[in-house]
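Trainee: Single-letter residue listing:
Protein chains: 2
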Amino acid sequence: MTDRVSLSEKFARFTEHWRPRVVAELNGQEVKVIKVQGTFPWHHHEREDELFLVWRGRFRVEFRDRVVELGPGELVVVPRGVEHRTAADEEAELVVFEPAGVRNTGNVVDATFTAPMGEKL
Amino acid sequence: MTDRVSLSEKFARFTEHWRPRVVAELNGQEVKVIKVQGTFPWHHHEREDELFLVWRGRFRVEFRDRVVELGPGELVVVPRGVEHRTAADEEAELVVFEPAGVRNTGNVVDATFTAPMGEKL
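Just so you know, the sequences run in chain order E and Z.
Those letters in the first sequence? Residues 1 to 121, by our numbering.
Those letters in the second sequence? Residues 1 to 121, by our numbering.
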């Protein structure tokens, strides 16, 4: 559990978009890495707040009434219950903090975007 | 709550070492930024796991039986109950992820190092 985790090393080990991988666990929460490109479906998480930190590239979180644009070293918290979708025009690399056992598409099940939960890297 | 947070901007706003500032809150957890230099006292946290992610510089977490050295983009989780101390030969900038209400010196109260809890930035 006390091993060093390198984000760059983790990102180098996969190529798929929108498929989060767990790289650390603590206090019932997970730290995940994810590569994104394109636009994710609208959804919300009933009981979980979600944090996105951009590691590389540009990324945005769209709410129904505004858009938050993020670059490297910038983060945003999406509160539980708030509808949102995420998007990146070019590939971006993100770190996500959220409780263990969250479905990436929240209240939605999507044949393309719903990813396995708890996949470790 | 859905405002963009820039880590660089946050780090530019203070200079003290070993004094964590909360920059985001979610799911009962806090994301903190901290500048460190020198060596912190040995301590442990009874009930909280703690994550350190290096943003700038070099940093190490010393356990009684080993040392984990970290550079930018590298992280480690210190499990609850495990004695440790943190150190940096030159100034380093860290992001910390842990439950709200954690005392930075854990089971120890130190006149120099124990910092205010929940200080926001």
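Hint data in this document are derived by calculation from the structure and do not stem from the laboratory.
There's no promise every hint is true.
[Unchecked claim] Output of the computed footprint for chain E on chain Z, the stretches with three or more beta carbons under 8 angstroms from beta carbons of chain E:
id: 1; segment: 2-15
id: 2; segment: 26-36
id: 3; segment: 68-81
id: 4; segment: 97-103
id: 5; segment: 108-118
[To be verified] Covered stretches of chain E, going by a simulated chain Z footprint (3 or more residues, C-beta under 8 angstroms):
id: 6; segment: 6-14
id: 7; segment: 27-38
id: 8; segment: 67-73
id: 9; segment: 77-89
id: 10; segment: 102-112
The beta-carbon is built from N, C-alpha and C at its ideal position, and this holds for glycine as well.
Trainee: All hints are to be evaluated individually against the structure, with a verdict given for each.
Mentor: For each hint, the structure was consulted:
1. Restraint check on the segment 2-15 of chain Z versus chain E: 7 residues with Cβ-Cβ distances below 8 angstroms, three needed, restraint holds.
2. A stretch counts as covered by a chain when three or more of its residues have a beta carbon under 8 angstroms from one of that chain; for the segment 26-36 of chain Z and chain E the count is 4, and the coverage holds.
3. Judged by the Cβ-Cβ criterion of 8 angstroms, the segment 68-81 of chain Z is covered by chain E as claimed, because 10 of its residues qualify and three suffice.
4. Under a criterion of three residues with beta carbons nearer than 8 angstroms to beta carbons of chain E, the stated coverage of the segment 97-103 of chain Z is upheld, 3 such residues being counted.
5. Against chain E, the segment 108-118 of chain Z contributes 0 residues with a C-beta closer than 8 angstroms to a partner C-beta. That does not satisfy the three-residue criterion, and the hint is violated.
6. Given a C-beta distance limit of less than 8 angstroms, the hint that chain Z covers the segment 6-14 of chain E holds, as 3 residues qualify and 3 suffice.
7. Under a criterion of three residues with beta carbons nearer than 8 angstroms to beta carbons of chain Z, the stated coverage of the segment 27-38 of chain E is upheld, 3 such residues being counted.
8. Counting residues of the segment 67-73 of chain E whose beta carbon lies closer than 8 angstroms to any beta carbon of chain Z gives 4, which meets the minimum of three for the stated coverage.
9. Residues of the segment 77-89 of chain E with a Cβ under 8 angstroms from some Cβ of chain Z number 4, which satisfies the need for three, so the listed coverage holds.
10. Counting residues of the segment 102-112 of chain E whose C-beta sits closer than 8 angstroms to any C-beta of chain Z gives 0, which falls short of three, so the coverage hint is violated.
Hints 5, 10 from the earlier list are contradicted by this structure; the remaining hints agree with it.
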